[in-house]
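Participant: Protein sequences, first through last, are from chains A and B. Reading the first sequence from the start, the letters are residues 1 to 261 in our numbering. Reading the second sequence from the start, the letters are residues 1 to 471 in our numbering.
Certain hints may be false.
What the hints assert, rightly or not - Selected chain B positions facing chain A (Cβ under 7 Å, derived; list incomplete):
hint	residue
1	His232
2	Tyr343
3	Ile416
4	Glu419
5	Tyr423
6	Ser426
7	Arg427
8	Ser430
9	Val432
10	Gly441
11	Phe442
12	Glu444
By construction, these hints were calculated from the structure, which means they are not laboratory data. Where a beta carbon is used, it is the ideal one built from N, C-alpha and C, also for glycine.
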Amino acid sequence: MSDAPILRIQGLEVQVAEEDLPILKGVDLEINSGEIHAIMGPNGSGKSTLAKALAGHPGYEVTSGSVEFRGEDLLELETDERSLAGVFLAFQYPVEIPGVSIANFLRTAVQAHLPEGEELDIFDYSDQLIERMTMLDMDVAFAERHVNDGFSGGEKKRNEILQMAMLRPKLALMDETDSGLDIDALKIVAEGVNKLKAEDPEMSVLLITHYQRLLDYIKPDHVHVMVDGRIVQSGGPEVALELEADGYKVFEDAAAETARA
Amino acid sequence: MPQNETIQDLNLDEYKYDFVTKSEPKFRAEKGLSEDVVRQISQHKDEPQWMLDFRLKALEVYESKPMPKWGGDLDGLEGVLDEIYFYVRPQDQMERSWDDVPDEIKDTFEKLGIPEAERKILAGVGAQYESEMVYHSLRKEWEDAGVIFDSIEDGLKNHPELFREYFGTVIPTGDNKFSAMNSAVWSGGSFVYIPKDVSLDTPLQAYFRVNQERMGQFERTLIIVDEGAQAHYIEGCTAPVYSTESFHSGVIEIIVKKNARFRYTTIQNWSNNMYNLVTQRAIVEEGGHMEWLDGNLGSKLTMKYPSCYLMGPHAHGEILSIAYSGDGQHQDTGGKVIHAAPYTTSSIVSKSISKGHGRSTYRGLCKVYEGAHHSRSNVECDALLIDETSRTDTYPYIEIEEDDASIGHEASVSKIGEEQLFYLMSRGISEVEAMAMIVRGFIEPIAKELPLEYAVELNRLIELEMEGSVG
Ligand SMILES: Nc1ncnc2c1ncn2[C@@H]1O[C@H](COP(=O)(O)OP(=O)(O)OP(=O)(O)O)[C@@H](O)[C@H]1O
Ligand SMILES: [Mg+2]
Numbered sequence: 001m002s003d004a005p006i007l008r009i010q011g012l013e014v015q016v017a018e019e020d021l022p023i024l025k026g027v028d029l030e031i032n033s034g035e036i037h038a039i040m041g042p043n044g045s046g047k048s049t050l051a052k053a054l055a056g057h058p059g060y061e062v063t064s065g066s067v068e069f070r071g072e073d074l075l076e077l078e079t080d081e082r083s084l085a086g087v088f089l090a091f092q093y094p095v096e097i098p099g100v101s102i103a104n105f106l107r108t109a110v111q112a113h114l115p116e117g118e119e120l121d122i123f124d125y126s127d128q129l130i131e132r133m134t135m136l137d138m139d140v141a142f143a144e145r146h147v148n149d150g151f152s153g154g155e156k157k158r159n160e161i162l163q164m165a166m167l168r169p170k171l172a173l174m175d176e177t178d179s180g181l182d183i184d185a186l187k188i189v190a191e192g193v194n195k196l197k198a199e200d201p202e203m204s205v206l207l208i209t210h211y212q213r214l215l216d217y218i219k220p221d222h223v224h225v226m227v228d229g230r231i232v233q234s235g236g237p238e239v240a241l242e243l244e245a246d247g248y249k250v251f252e253d254a255a256a257e258t259a260r261a
Numbered sequence: 001m002p003q004n005e006t007i008q009d010l011n012l013d014e015y016k017y018d019f020v021t022k023s024e025p026k027f028r029a030e031k032g033l034s035e036d037v038v039r040q041i042s043q044h045k046d047e048p049q050w051m052l053d054f055r056l057k058a059l060e061v062y063e064s065k066p067m068p069k070w071g072g073d074l075d076g077l078e079g080v081l082d083e084i085y086f087y088v089r090p091q092d093q094m095e096r097s098w099d100d101v102p103d104e105i106k107d108t109f110e111k112l113g114i115p116e117a118e119r120k121i122l123a124g125v126g127a128q129y130e131s132e133m134v135y136h137s138l139r140k141e142w143e144d145a146g147v148i149f150d151s152i153e154d155g156l157k158n159h160p161e162l163f164r165e166y167f168g169t170v171i172p173t174g175d176n177k178f179s180a181m182n183s184a185v186w187s188g189g190s191f192v193y194i195p196k197d198v199s200l201d202t203p204l205q206a207y208f209r210v211n212q213e214r215m216g217q218f219e220r221t222l223i224i225v226d227e228g229a230q231a232h233y234i235e236g237c238t239a240p241v242y243s244t245e246s247f248h249s250g251v252i253e254i255i256v257k258k259n260a261r262f263r264y265t266t267i268q269n270w271s272n273n274m275y276n277l278v279t280q281r282a283i284v285e286e287g288g289h290m291e292w293l294d295g296n297l298g299s300k301l302t303m304k305y306p307s308c309y310l311m312g313p314h315a316h317g318e319i320l321s322i323a324y325s326g327d328g329q330h331q332d333t334g335g336k337v338i339h340a341a342p343y344t345t346s347s348i349v350s351k352s353i354s355k356g357h358g359r360s361t362y363r364g365l366c367k368v369y370e371g372a373h374h375s376r377s378n379v380e381c382d383a384l385l386i387d388e389t390s391r392t393d394t395y396p397y398i399e400i401e402e403d404d405a406s407i408g409h410e411a412s413v414s415k416i417g418e419e420q421l422f423y424l425m426s427r428g429i430s431e432v433e434a435m436a437m438i439v440r441g442f443i444e445p446i447a448k449e450l451p452l453e454y455a456v457e458l459n460r461l462i463e464l465e466m467e468g469s470v471g
């Protein structure tokens, strides 16, 4: 673990593009290389918006602030370039791509991540895919299924982590990967993430979650609370435990106070 | 992965069939359609009197029928027909060996990869150039098994009884204006007979090439699949790009006898100056199984609705089609299934992709006659629009006279979604590749049925088209 920030977000304001609807109202966040951060917060507070804005969703427009990723201006990069630079978003609601098999989709993605001019070795790729699927306790035949098409909620989430395991990002944004997973699946997925982390201790993780349970398996270094488009509290793992006990009420009241003022 | 290699081998420039061969035809009838032209065609083919009479009668029928008012825009067609050549005879005889085909013509088919495909994967090949079949051959083992795969002209000459028994019985002259036109001026096409219980394990292929400008091609194909036999026939078509319009109007008649199975695959990739108005129909007898696999990628306007007439109990008909309409193209396609016997089943799956100012129309008919009890039919048509300017329409006609029949119909229109693009791109996949991937996924249920080289070709085309669409 080093102390160089991998991600530095300053005063980030984001609105729904073409709608003038501000959602993030000044987010500051720094993640050092190798750290695990968690963001918690009530429904609709802007957690997914933050994750999608970082991944470069064209539906969200950054109106103010800056994001530096490994010393580079992340906001200058296109969506695909952000992925190539090492950002990965595990979607809260993964998207269905009918007719495209997981194997084919991942092959294209892994190929895109290779240096210019380098050809993917199809045998290495297959070995790797099988190894990763086994790690996540997935049936190898699943690779022939069409991406997220007809998947159960839990299967979709597991498939997100499979993609993450194949692409080995530097920064993993995991948006409610735990919701929809049964208790055993949660354990398997969490172990998978910890294994990736062990393979690359420099990998940083930003977990978005509503539940302490995930944090029992993937231990965060820092926990942040987001309310109404702002981070209103940051601290250690104890913050999550306090939330579990007390809920968001005190933060929401404070946010309402600020809004009135 | 052989598939990838092939894609890279291909030249990713424009429409790759846009090359013209310099060759002097042996004979060319005067422009336009007239009784004279019809007589000349018949004379060049040295036909029996009954065929000349058949043609002349058809010409009358053609002239008596108005231009269809439905379907695509045929307003300019009359002017086009006055300017095209209805009969161009490229050489005097059909050859059975590529060595005997004149070099210029042989080169054309070499460029299209036909002789190579023949060596590798086909049971037999026919090649039509302008108005005539210039080459036809069938593997010896199938010839020995009694399979007939010939030009339609040789079918008439060498198997007159069989020919006359079926010719014009599936699609009567007066079926529509263009079947009447074809009946008057038909030239080229295949005559196929698969004897009882013979199963061809590799496809027969016919390739249609229009080379000269202002050309009309009118092939006529007659296929008889005898009881218990099985075969697959593939048809491919291309032409160079000219600024004037050309015209193609085929008639394909198929008889699938008791318990026989037949598949007819078309990959039509005409240049975008081609009117393509084709009538294709199969009669399916008891327990028979007919599949039309129809890919319409090229042409200016295509109007084509492959049909299955299910005449015996337990007959099955299937129509799978993909249409692609780019700028200036209209694909008006679909299918017809007629249930005329009990326990008959059918399915139509139609997928279209429209881009730019392209337009795709699905037009289909499902008819169940009284007495065709326990019939089942399912129709599914899905349209994908690439951008705001493209257009799609659906005209599904359903006529049911039998209470005990089950008919399903589903239609969908979708656009390439921002969420899908974002999802793929967030994995490092470029926008062009992401779009191509979504389109390929959309047609996957049909593409996976295609012979490999056609599937590769289809993917290549989509890749190309998507490159032009990312702004
Ligand atoms: N494309 C959009 N159009 C309109 N409103 C949007 C859009 N995207 C997000 N919003 C709104 O922005 C707010 C924040 O949404 P976001 O999805 O970021 O919340 P969240 O914190 O992830 O919530 P949850 O915990 O329920 O997942 C919500 O009020 C949501 O309705
Ligand atoms: Mg969310």
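Participant: Given Ser426(B) as an interface hint, is its Cβ closer than 7 Å to any Cβ of chain A?
Facilitator: Where the cut-off is 7 Å and the nearest Cβ of chain A is about 5 Å from Ser426(B), the hint holds.
Participant: The hint names Ser430(B) as touching chain A; please verify it with the least Cβ-Cβ distance against 7 Å.
Facilitator: Result: holds, 5 Å to nearest chain A Cβ.
Participant: Does the CB of Arg427(B) sit less than 7 Å away from some CB of chain A?
Facilitator: The hint holds - Arg427(B) has a Cβ within 7 Å of chain A, the shortest such distance being about 4 Å.
Participant: Can the hint on Glu419(B) be confirmed by a CB-to-CB distance to chain A that is less than 7 Å?
Facilitator: 5 Å, holds
Participant: Go through the hint on Phe442(B) and say holds or violated, using the shortest Cβ distance to chain A against 7 Å.
Facilitator: 6 Å, holds
Participant: Double-check His232(B) for me: the hint is only fine if its C-beta lies closer than 7 Å to a C-beta in chain A.
Facilitator: 23 Å, violated
Participant: Classify the hint on Tyr423(B) as holds or violated, based on whether any CB of chain A lies nearer than 7 Å to its CB.
Facilitator: 4 Å, holds
Participant: Hold the hint about Tyr343(B) up to the distance rule: shortest CB distance to chain A must be less than 7 Å.
Facilitator: 31 Å, violated
Participant: Is the interface hint for Glu444(B) satisfied, with its Cβ closer than 7 Å to some Cβ of chain A?
Facilitator: At about 3 Å, which falls below the 7 Å cut-off, the nearest Cβ of chain A leaves the hint on Glu444(B) intact, so it holds.
Participant: With chain A as the partner, please determine if Val432(B) meets the hint condition of a C-beta pair closer than 7 Å.
Facilitator: 10 Å, violated
Participant: Does the nearest C-beta of chain A fall within a distance shorter than 7 Å of the C-beta of Ile416(B)?
Facilitator: 11 Å, violated
Participant: Tell me if Gly441(B) is really an interface residue toward chain A, meaning its C-beta lies closer than 7 Å to one of theirs.
Facilitator: Holds - the Cβ of Gly441(B) comes within 7 Å of chain A, reaching about 3 Å at its closest.
Violated hints, in rising order: 1, 2, 3 and 9; the structure is consistent with all others.
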